[in-house]
Amino acid sequence: MGDDSNPLMMIVWILPIILFVFYGQQIQLFVTSREIKKGIKKLDGFRVDSRTELINFVKNNLKAKDDPVKKIDRFLDYFTIMPVDMDPNGIVDKVQHIVRSREDYTREQVKLLAPQMSDIELSKVQTLLEIASSLQMIHKIINHMFLTAKKQNNYPLILPLQMILPFIMEQAEAMNDAIPAFKTGQPVGDGIGPMVVGKMMLDSQKETIAFQTSLSKIDFEDRKLFLIKAEGPGSTVGRPSDGLQKIVSENKLDAIIMIDAALKMEGEDSASVAQGFGAAIGGIGTERFQIEAIATSNEIPIFSIVIKQSVKEAITLMTKEIADTAEDVSSQVYDMIRANTKQGQSVAIIGVGNTAGVPQ
Amino acid sequence: MIFKKTKITTAYTLEQCTKCGTLTKRKFREGDVLFVEISKCNSCDGATRIEKIFGETIEQ
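Going down the list, the protein sequences come from chains A and B. Numbering-wise, this note's numbering puts 298 at position 298 of the first sequence, and it's gapless, one number per residue. Numbering-wise, this note's numbering puts 380 at position 20 of the second sequence, and it's gapless, one number per residue.
Heads up, a few of these hints could be off.
If we take Cβ atoms under 8 Å as the criterion, some of the chain B residues that face chain A in the derived model are [stated by the list, open to error]: (1) Ile368; (2) Thr369; (3) Phe414; (4) Glu416.
Computed far set for chain B versus chain A, every beta-carbon distance over 12 Å [to be verified]: (5) Lys365; (6) Phe388; (7) Ser399.
In silico SDA-like cross-links for lysine to any residue, where the CA-CA straight-line distance does not exceed 20 Å [claimed, not checked]: (8) A:Lys312 with B:Lys367; (9) B:Lys367 with A:Ile164; (10) A:Lys199 with B:Lys367; (11) A:Lys42 with A:Ser118; (12) A:Lys199 with B:Lys364; (13) B:Lys385 with B:Lys364; (14) B:Lys412 with A:Lys38; (15) A:Lys199 with B:Thr370; (16) A:Lys199 with B:Leu374; (17) A:Lys199 with B:Thr369; (18) B:Lys364 with A:Glu35; (19) A:Lys183 with B:Thr370; (20) A:Lys206 with B:Lys385; (21) B:Lys367 with A:Ser270; (22) B:Lys412 with A:Ile164; (23) A:Lys320 with B:Lys385; (24) A:Lys183 with B:Thr369; (25) A:Lys38 with B:Lys364; (26) A:Lys312 with B:Val396; (27) A:Lys199 with B:Cys380; (28) A:Lys199 with B:Ile398; (29) B:Lys412 with A:Thr80; (30) B:Lys412 with A:Ser272; (31) B:Lys364 with A:Glu170.
If you're looking for bench data, these hints aren't it; they were derived computationally from the structure. We put the CB at the ideal spot given by N, CA and C, even for glycine.
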């Protein structure tokens, strides 16, 4: 039994209270900092590894003219300044212009590393470069936020960083794990849309309808089907909106069906298939905007089929569960065509996603 | 859990004979892409086509 009037016991109780009242934030800052430091160290590892993988890929697989390290390091530091959005009128066209200019410029510069490289190799290098520069940017931003909070000794400033770090780490780990799949040209989870449409395209004539975008015209139960997907097996998502625009300018469409991978919610089963309405396409939003604009001005309904998966599954080697949904999705597409169109009508079917390892 | 299990993913290629439909699963080889006819079927004289490429993960 303790004695409440014992001065030593009073100090034992009061000292921690005083300590926490005056130095509570600093203690929390210290504990949180340790956790964040661990995350930053991991991010730095990802940054270094992805850069090394990219340099090794270029050195070993391509006959580079000169030492590519200096050029690659310059590419990794490229930044993009998004257009001013104070007046949002016309912003989509501006964003699309900037993003496409960046892609075109990067492609040309990468090609200069080894002029004789094939388009497939070029798309691999571009994707690896995109991963490496994203990981570099993530590391830079998180490190900046952390150092700023530490410099100011500001605990509230470190709180948002602590909250977002698990999500950032999930994305960064997914990107890091995606490198082997893109290096070897394996299909990724996001490629399920192109995989379904690519299979429908087999044994039919293909044409290039837009940049890195393939089109096949087939007949199905007295309906005309326009099958669109990115041109595989290189790592690209193509420009499906440009392809759709071209089709609509020459033909009357009665429905658009889009097949894409979608991020699953926590608790949802991976590789579950769902149907819905509206344009199923991710990315920065410009492609979706264009497809919606085409559909609206021509009064074409858009139906979608999505295959649910996590961020990691979407950009790493396709899992067996996702690959096994291909037959089911394909039969759902045909059911959708029967249910929503009549004989003699035309439908555009777009397989959205990265077509690495998925030809047509 | 004190020790975290390591996950190892192995890539597989699933080939299907276009004539008799026989399925063959083998390890992925660099250069494999979907829908390409690559070899002769062991059961008949048909050609096999790559139907699926996927990864299977095991915990160790």
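Results of checking the hints against the structure:
no. : hint                   : verdict
1   : Ile368                 : 12 Å, violated
2   : Thr369                 : 6 Å, holds
3   : Phe414                 : 4 Å, holds
4   : Glu416                 : 6 Å, holds
5   : Lys365                 : 16 Å, holds
6   : Phe388                 : 7 Å, violated
7   : Ser399                 : 17 Å, holds
8   : A:Lys312 with B:Lys367 : 14 Å, holds
9   : B:Lys367 with A:Ile164 : 25 Å, violated
10  : A:Lys199 with B:Lys367 : 31 Å, violated
11  : A:Lys42 with A:Ser118  : 34 Å, violated
12  : A:Lys199 with B:Lys364 : 40 Å, violated
13  : B:Lys385 with B:Lys364 : 30 Å, violated
14  : B:Lys412 with A:Lys38  : 39 Å, violated
15  : A:Lys199 with B:Thr370 : 24 Å, violated
16  : A:Lys199 with B:Leu374 : 15 Å, holds
17  : A:Lys199 with B:Thr369 : 25 Å, violated
18  : B:Lys364 with A:Glu35  : 19 Å, holds
19  : A:Lys183 with B:Thr370 : 15 Å, holds
20  : A:Lys206 with B:Lys385 : 29 Å, violated
21  : B:Lys367 with A:Ser270 : 18 Å, holds
22  : B:Lys412 with A:Ile164 : 36 Å, violated
23  : A:Lys320 with B:Lys385 : 12 Å, holds
24  : A:Lys183 with B:Thr369 : 15 Å, holds
25  : A:Lys38 with B:Lys364  : 17 Å, holds
26  : A:Lys312 with B:Val396 : 27 Å, violated
27  : A:Lys199 with B:Cys380 : 18 Å, holds
28  : A:Lys199 with B:Ile398 : 16 Å, holds
29  : B:Lys412 with A:Thr80  : 37 Å, violated
30  : B:Lys412 with A:Ser272 : 18 Å, holds
31  : B:Lys364 with A:Glu170 : 17 Å, holds
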